[in-house]
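These protein sequence lines are chains B and S, in that order. Okay, so the first sequence: first residue is 0 according to numbering that gives the first Met the number 0, each after it adds one. Okay, so the second sequence: first residue is 0 according to numbering that gives the first Met the number 0, each after it adds one.
Worth flagging that the hints you see were computed from the coordinates, not collected in a lab. Since this is a predicted model, take the numbers as computed values, not measurements. Hints may contain errors.
If you anchor each label on the Cβ, the simulated ranges turn out as follows [unchecked claim]: (1) S:E143 to B:P13: 18 to 28 Å; (2) B:S178 to S:N173: 21 to 31 Å; (3) S:I338 to B:S3: 35 to 45 Å; (4) B:M201 to S:K348: 50 to 60 Å; (5) S:V304 to B:S3: 50 to 60 Å.
We put the CB at the ideal spot given by N, CA and C, even for glycine.
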Amino acid sequence: MKTSGLKAWLYLLPAIVFLGIFMVYPLIDVLIYSLEEGYNSASGESYGIGLYNYSYVLHDPYFLQAVKNTFIIVVITVPLSTAIALLISLALSSVPKIKELYQTIFFLPYVTNTLAVGLVFMIMFKKTPYSDGLINVLIKAFGGNTVDFIEGPYWAKMFVMCFYTLWIVMPFKILILTSALASVDDTYYKAAKIDGTSRFRMFTLITLPMISPMIFYLIITGFIGAFKAYSDEVAIFGADLNSAGMNTIVGYVYDKLYGDGGGYPSFASAAALILFVIVFTITCINLLISKKSSSV
Amino acid sequence: MRIKLEHVTKQFPSRNKKSKDIVTAADDLCFEIPDGKLVSLLGPSGCGKSTALNLICGLLSPTSGKIFFDDDDVTDLPPEKRGVGMVFQSYALYPHLNVRKNIMFPLQNFKGEDRLSKEEMLKKVDEAAEIVQIKELMDRKPKEMSGGQQQRVAIARALVKRPRVLLLDEPLSNLDARLRIQTREEIRRIQKETKITTVFVTHDQEEAMSISDFIIVMKNGLVHQIGAPQEVYDDPANLFVAKFLGTPPINVFNGKISNGYLYIGEDAVMKIKTEAADGDVYVGVRPEGFILKNDGKLHCELKNVEVMGRDTSIVSSNKASVDAAVIRSIISSEERDLINGDKVCFDLKPYKVFIFGKDDEKRIAYEVEGESK
Numbered sequence: 000m001k002t003s004g005l006k007a008w009l010y011l012l013p014a015i016v017f018l019g020i021f022m023v024y025p026l027i028d029v030l031i032y033s034l035e036e037g038y039n040s041a042s043g044e045s046y047g048i049g050l051y052n053y054s055y056v057l058h059d060p061y062f063l064q065a066v067k068n069t070f071i072i073v074v075i076t077v078p079l080s081t082a083i084a085l086l087i088s089l090a091l092s093s094v095p096k097i098k099e100l101y102q103t104i105f106f107l108p109y110v111t112n113t114l115a116v117g118l119v120f121m122i123m124f125k126k127t128p129y130s131d132g133l134i135n136v137l138i139k140a141f142g143g144n145t146v147d148f149i150e151g152p153y154w155a156k157m158f159v160m161c162f163y164t165l166w167i168v169m170p171f172k173i174l175i176l177t178s179a180l181a182s183v184d185d186t187y188y189k190a191a192k193i194d195g196t197s198r199f200r201m202f203t204l205i206t207l208p209m210i211s212p213m214i215f216y217l218i219i220t221g222f223i224g225a226f227k228a229y230s231d232e233v234a235i236f237g238a239d240l241n242s243a244g245m246n247t248i249v250g251y252v253y254d255k256l257y258g259d260g261g262g263y264p265s266f267a268s269a270a271a272l273i274l275f276v277i278v279f280t281i282t283c284i285n286l287l288i289s290k291k292s293s294s295v
Numbered sequence: 000m001r002i003k004l005e006h007v008t009k010q011f012p013s014r015n016k017k018s019k020d021i022v023t024a025a026d027d028l029c030f031e032i033p034d035g036k037l038v039s040l041l042g043p044s045g046c047g048k049s050t051a052l053n054l055i056c057g058l059l060s061p062t063s064g065k066i067f068f069d070d071d072d073v074t075d076l077p078p079e080k081r082g083v084g085m086v087f088q089s090y091a092l093y094p095h096l097n098v099r100k101n102i103m104f105p106l107q108n109f110k111g112e113d114r115l116s117k118e119e120m121l122k123k124v125d126e127a128a129e130i131v132q133i134k135e136l137m138d139r140k141p142k143e144m145s146g147g148q149q150q151r152v153a154i155a156r157a158l159v160k161r162p163r164v165l166l167l168d169e170p171l172s173n174l175d176a177r178l179r180i181q182t183r184e185e186i187r188r189i190q191k192e193t194k195i196t197t198v199f200v201t202h203d204q205e206e207a208m209s210i211s212d213f214i215i216v217m218k219n220g221l222v223h224q225i226g227a228p229q230e231v232y233d234d235p236a237n238l239f240v241a242k243f244l245g246t247p248p249i250n251v252f253n254g255k256i257s258n259g260y261l262y263i264g265e266d267a268v269m270k271i272k273t274e275a276a277d278g279d280v281y282v283g284v285r286p287e288g289f290i291l292k293n294d295g296k297l298h299c300e301l302k303n304v305e306v307m308g309r310d311t312s313i314v315s316s317n318k319a320s321v322d323a324a325v326i327r328s329i330i331s332s333e334e335r336d337l338i339n340g341d342k343v344c345f346d347l348k349p350y351k352v353f354i355f356g357k358d359d360e361k362r363i364a365y366e367v368e369g370e371s372k
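Just chain S, with the same shape it has in the complex (with noise of 0.2 Å):
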């Protein structure tokens, strides 16, 4: 099912009772999901990405803006009416039932013609059970499972009645990170196999761009860019996003564009057409954005060299560095055998740089050398 939000805007009163400020916790969201698609919002804390959810399943109604399942207004809807079944943060799994009894549960509240005989439940729930493969476990209770089984019996429970969307908060961050890495695929393949519209919020950003087929990147409760995984990635709409994904970070500098030239510090390191003033930038580099060479054209100090065995980073510092006095650039372990002495030179790939606005840090749009970017 699709789902969409029209100007859909958010306010609270403010915590401090004594201060009649107001929250602001989802400003304008304006977004469309498709269909049958796993889509994730992400951000840092605070950004209004579990705002954005509850207002989807119907725990908060939005101050202003409409929200459409298909055609279906829904704004007004109360939660139990929306079709919606969600997974937790912390599961929520009522801990005095056994397993059977915690999928079975939403089932039990039909009323009416939907009302189901014993035999079609315990069907029903097999089947969940089936789909998230904990058919073993179900006498147990939830404390005498390990976390990611549990995730798996909350997946089943918000599965059981069949939802239209299925909305998860935070459904990975209470696991380990072999399990964090094992569950997602898990939530992929569940999700491929419902073919359910399906809601992802996270603050991971790996997390998103492995499991997602699109990305709503938001912050302060504003979206910011919305777009398949290797598109956000490859080409940020500003600073924040291109900041926010990413590991290791971008490399961000002070930078200028002057005379058709792109320069970072005192380096010029590229050539570049563009309709944008000369003036002062910030310059992002992704980490594999460098090309190590002898008569490269950024000049930084070498500070070390972290072997990871497929891949080398190099950890050097350069005065027009914005966040961190070092930047971290990763090569193939090949090329390690150029590094000598406490200097290194880099050339840049021009489509791993991007440039932003000193002010708006939004994205300014260059070509270098014929090649568009």
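Just chain B, same shape as in the assembly (with noise of 0.2 Å):
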């Protein structure tokens, strides 16, 4: 009985070993960091423990307009993009002959370089004294006043922003849920069939049902990786996203380490302490509402 404790044990270890070195150590340490007051990375000396460095950057107004940032993004793209991609996919799963060949098609921004795509899409959309960009010509075209999508006002910015991210994400979405959509049982629609279901019911009685574990994981992912959003941003806005006014909350933590106002990694820990409690709140949010909807 005992040796095989410890014979468990001993093959436990790697395991253990690594995630302790690269997993939990980093996250007590993180944690450690953001309650040092007056860290100095170069001495490794700090004045003491408290809760200075998480007011410091409450009132940072640049961590504010990152977490306003990162809400808009959050709110506005998650769920549109999974609405689309589930029209897309419905879409698809509709014209089985050519299916494929749209698949690949929608499937494409997923293997591009996103910096590559963020470039192309701030060339759509800029507007120097020298030409107006392709998105300018299209809404003079329709009698619209050009604007400045990259450097003229905020809800501009927010838009080519939002638009590329929704670019971005979709095709995972898609991918997933066409899979989904395959796998629900033919047999379900013939017995629905038969039986003279409305396909607006078919749809809302069988098809979603059967896929929303699908729906709720792109939603739960979704969240979590539009908090985390941040390459999106330099790709169209650059790297001095404060300036921009574009900044996310990644962002404002890589500033906080490495940017120009750079070298305090205490703050950096304190906001990213902080984006860990509001991401883990919302998941957890997210896994009791797919909970109760599942078991209804």
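Mind docking these for me? Both chains are given alone in their own frames, and the hints should help you get the complex.
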């Protein structure tokens, strides 16, 4: 009995060591950093322990702007991208003959480099003294006023940001949802058809409940992904997100570590932990809702 | 309600996209299912029986031919307008709905004048649940029930809208042996109670024999024989039907007709009168058609004696046997004492012996000592 217990621990040892060094230790260390006031990374010393770092971060207007930006992106892109992806997947599954072709086209954004795509987006939306950019040419053609989407008003920049995010996250969702739709047993539809079920009822009473685990999976990972957005913003607005007013929480963390105003691991750690708390809370709420709705 | 198929053919393009072959799943089906009867479509897998069922329910439309319910031509009607109820092999119960909601599902689809109030629906659901005896399970989810219980729910769901025809697609094949016998009796009882015209698809001849008013035997999209179970068993139209029905299966021998005698191998087993010309034939003998006799005309090598209690089966071999080297004959336990040595001899019961043509495998009629068969 005793030796078998020892054996079990021995088998677990590699996993425990790796997880301990690369997951548990950094997490604890971030927590410690965030509580050390006036930490100096050169000397490795601090004045003492307290919540000053949190208070500083929560009163930093750049951080508050980053939180606002992040929330807007999350609230707009997650539901919208899931809904549009579902519509496209449904359309795809109703045209079996050319489904593969369209699936490939829709999946292209997923395998292209996001920075390169961001550059193209920037060129399309940008307005310079020499050129209006493709989008503004179109707006003009329909009789509208040109807008600088990259350095112009906040709503215009946010529109580009959300549009770009949708474009980036959609392929994966379409891929997951088309396979989820394909996995629903055809017999259910046959049975429903014999009973004269309308297409709408088939969708709401058969398709949706059957693929709901996948939808919840996409929403949860979508929330987490959107909260952690950073590179997409850099791709369009460049590295100085604070001056563009388009920073995100992760961007703020990065700035506090390595950016122009960087060198403050304590502030960065505090901001990172605040983000962690937000993501954790929202994920818990999501899971609660999904459990409730699947048990109805 | 009476179902009638007139020259119904269904062809599919080949699965292999490159070949232009066409698969004929149902070939010129002509049969009539009388009102209030339970009919089995019986055949090996790929014989077209499920295609025939899907044609009747409307999930498939025929390439040519017509389908009638009573005198109504339903060939072009979509399934929901035909008034059919169907039970699938996998039951197709909606996993997220409980039993009550599953059974209610078809009723909620009614539109316009047919629309039912909640009370009417619940009443009908209760009635259907009563018929299949699952009233105590109404709040369970499908996965919280056994296969047999799920089967009953599926039948209740098919019955709840009072269909004109009940279609069952291999409904018992997901159940274990004991439950299968129980459930088939149950289906028979429900069918008799509701007097609903029922079509039952199966590949299991025992199932078909035990449950049906009559059997339609199919192979390769063709109907081979239609008849009452006993009739199909006692009077098979061809070698396939004879081989497909009966457990243990019929014993088939290479034989010949010569000078008014029927030969199995070298043994002249019967003196017969027939209009068929002398020549090679297949001879089929049901396992119960052997009479153990010391001076019997058919000589076999004894291999084994299997005691079953009620009866005894003798496994022996004969060079003339076609499919398997062994022949299996069933005799009553009392006769067992006659077995001694490594040879067994049999006489044959004439009405258990069928002769089939060597080329077309069709039955050849013959008479023996005045007894017509």
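Evaluated hints:
The hinted window of 18 to 28 Å between E143 (chain S) and P13 (chain B) is violated, with their beta carbons roughly 41 Å apart. Take S178 (chain B) and N173 (chain S): their Cβ atoms lie about 26 Å apart, and the range 21 to 31 Å holds. Against the hinted window of 35 to 45 Å, the Cβ-Cβ separation of I338 (chain S) and S3 (chain B) comes to about 59 Å, which falls outside the hint. The beta-carbon spacing between M201 (chain B) and K348 (chain S), approximately 58 Å, falls within the hinted interval of 50 to 60 Å.
Our hint of 50 to 60 Å for V304 (chain S) and S3 (chain B) holds, since their Cβ atoms are close to 53 Å apart.
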